[in-house]
Amino acid sequence: MPSTVWQLNDKTTVKFNFRTDLDSGMLFFGYGGEGMYYYMGIIHNSLFFEFSNGIATGEVTFRRPNLRLCDGNWYRVVIHKEGQKATIEVDGYGTESSGNSSVGVRVATSGEMFMGGIPDSSDARRFIDRHNLNLPLEGWCEDKDEE
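Under my numbering, the first residue of the sequence shown carries the number 2, and numbering increases by one thereafter.
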């Protein structure tokens, strides 16, 4: 990413490709400010995108019984946030949306963004614990402090 701090404005679109053989794990996570965070992860073979500005939260789950996202193949994903409405589109497999686009929600995070996992000893992990967030903390990266 071009910056260690990435913010979700009232309208934000992110496009990316990924592949994995894990059925649960973190794709990315950003945080900062009381209750402000966003993340995208795979939870039991479903994509999940959530964001919060400390007052309002938006979330959406993309689940397809006939699709195994953890098969090692590449998948093209577009996430779109408009107000409190969240959308996940997986190229060739459809779209899921949830929330209200007329409710303004800007997520002005101030912390680092993590991709592929969150180290155990990081401030981000302490933020997750303090806010009692139920996130797929395991991911694709190793905790460098444990080597």
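Quick caveat, the hints were computed from the structure, so don't treat them as lab data. Errors might be hidden in some of the hints.
Unchecked claim - Below 20 Å or equal to it, Euclidean Cα-Cα: the simulated EDC-like pairs (lysine to aspartate or glutamate) are: (1) K12 / E90; (2) K12 / D130; (3) K86 / D130; (4) K12 / D72; (5) K86 / D11; (6) K16 / D121.
Claimed, not checked - Here are the computed distance ranges between Cβ atoms for each label pair: (7) S103 / N18: 16 to 26 Å; (8) N67 / G36: 17 to 27 Å; (9) I44 / V15: 16 to 26 Å; (10) S122 / P66: 16 to 26 Å.
For glycine and all other residues, C-beta sits at the position ideal for the given N, C-alpha and C.
- Query: Which of the numbered hints above does this structure break?
  - Reply: Violated hints: 2, 3, 4, 6, 7, 8 and 10; rest satisfied.
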